[in-house]
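Engineer: So you can see what is in the structure, the chains are spelled out below.
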Amino acid sequence: MKLALLVNEGPYQHQAADSALQFVKAAVAKGHEIFRVFFYHDGVNNGTRFAVPPQDDRNITVEWSKLAEEHKIDLVVCIAAAQRRGILDENEAKRQGKSGDNIAPGFRISGLGQLIEAGIQAERLVVFGD
Amino acid sequence: MAEPWEEEEGPVKKFMFVNRKAPYGTIYALESLEVVLISAAFDQDVSLVFMDDGVYQIKKGQDSKGIGMKNFSPTYRALEGYDIEKLFVEKESMESRGLTAEDMIVPVEILSKDELTSLMEEQDVILTF
Numbered sequence: 001m002k003l004a005l006l007v008n009e010g011p012y013q014h015q016a017a018d019s020a021l022q023f024v025k026a027a028v029a030k031g032h033e034i035f036r037v038f039f040y041h042d043g044v045n046n047g048t049r050f051a052v053p054p055q056d057d058r059n060i061t062v063e064w065s066k067l068a069e070e071h072k073i074d075l076v077v078c079i080a081a082a083q084r085r086g087i088l089d090e091n092e093a094k095r096q097g098k099s100g101d102n103i104a105p106g107f108r109i110s111g112l113g114q115l116i117e118a119g120i121q122a123e124r125l126v127v128f129g130d
Numbered sequence: 001m002a003e004p005w006e007e008e009e010g011p012v013k014k015f016m017f018v019n020r021k022a023p024y025g026t027i028y029a030l031e032s033l034e035v036v037l038i039s040a041a042f043d044q045d046v047s048l049v050f051m052d053d054g055v056y057q058i059k060k061g062q063d064s065k066g067i068g069m070k071n072f073s074p075t076y077r078a079l080e081g082y083d084i085e086k087l088f089v090e091k092e093s094m095e096s097r098g099l100t101a102e103d104m105i106v107p108v109e110i111l112s113k114d115e116l117t118s119l120m121e122e123q124d125v126i127l128t129f
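Going down the list, the protein sequences come from chains Y and D. Those letters in the first sequence? Residues 1 to 130, per my numbering, in order. Those letters in the second sequence? Residues 1 to 129, per my numbering, in order.
Just so you know, these hints were derived from the structure itself, not from any lab. Source: prediction; values computed, not measured. Don't take each hint at face value.
[Said to hold, decoys possible] Stretch by stretch, here's where chain Y covers chain D in the computed footprint (C-beta under 8 Å, at least three residues): (1) 10-16; (2) 20-32; (3) 36-47; (4) 77-90.
[As the list claims (entries may be wrong)] Chain D is faced by these chain Y residues, among others (derived, beta-carbon under 7 Å): (5) HIS41; (6) VAL52; (7) LEU67; (8) ILE79; (9) GLY113; (10) ILE116; (11) GLY119; (12) VAL126.
[What the hints assert, rightly or not] Calculated cross-link-like contacts (lysine-lysine; reagent style DSSO-like; alpha-carbon spacing at most 30 Å): (13) LYS65/D with LYS2/Y; (14) LYS2/Y with LYS30/Y; (15) LYS72/Y with LYS13/D; (16) LYS21/D with LYS65/D; (17) LYS60/D with LYS113/D; (18) LYS72/Y with LYS21/D; (19) LYS86/D with LYS2/Y; (20) LYS21/D with LYS113/D; (21) LYS25/Y with LYS66/Y; (22) LYS21/D with LYS59/D; (23) LYS70/D with LYS98/Y; (24) LYS66/Y with LYS98/Y; (25) LYS13/D with LYS30/Y; (26) LYS13/D with LYS25/Y; (27) LYS14/D with LYS25/Y; (28) LYS94/Y with LYS66/Y; (29) LYS94/Y with LYS72/Y; (30) LYS91/D with LYS14/D; (31) LYS60/D with LYS91/D; (32) LYS72/Y with LYS30/Y; (33) LYS86/D with LYS113/D; (34) LYS72/Y with LYS25/Y; (35) LYS91/D with LYS59/D; (36) LYS13/D with LYS65/D; (37) LYS30/Y with LYS14/D; (38) LYS66/Y with LYS30/Y; (39) LYS86/D with LYS70/D; (40) LYS94/Y with LYS60/D.
Every residue gets a Cβ at the ideal spot worked out from N, C-alpha and C, and that includes glycine.
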């Protein structure tokens, strides 16, 4: 089945990101296709490579990046939500006159249209959040 | 006979946006409205539901000056211009908060929890904020 995910909460504060990660791993293991994972609200904080969780804790962003690399999963961070919360890629940093970018490998920044498109293209859109 | 531009139309799905949180206090309501506005550009079958504290999002007479936030409730009135006209309020949520349909800044249809359940069954995509 072709699946898409929406992650609405940031990592560590809320379990939504962990559940979404586990869902993607389980779905891929069963042979399902993940069309896209879209990060919205504080969910965009899953996409910063500047987070440094304690060494004995899981690193959620690194896990996302690994999944993206191993299974070619499209990880999309909402541009409007990202700008509010300081998540920038190289282009956005340049455009906004900021000194650096912090987007993690495997993530890309794009518009909300990518979420609606995921809803149209996927057979199921699964929402992770409250 | 279908015109050429009609044949090029993509699939139309039933999208339902379920708004459950108060307009201020968290950003969910504001950012949900941003998704709804974008969805209008995709020519989908869009409906909005207001339930739980989400019914406060479309309450008349909001004044958010004192908390330093923009009152974005007038934007709900603009939805009609984007052909988003299916707005539903859950009866139980509205009544338990002492509100009536006349308290809303936009025309809405009031549905009971059971009616809403049936409507949800018909949807292809349900986004909850």
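Engineer: Could you tell me which of the numbered hints above are not met by this structure, giving the numbers in increasing order?
Structural biologist: Of the numbered hints, 4, 6, 7, 8, 12, 13, 18, 36, 40 do not hold.
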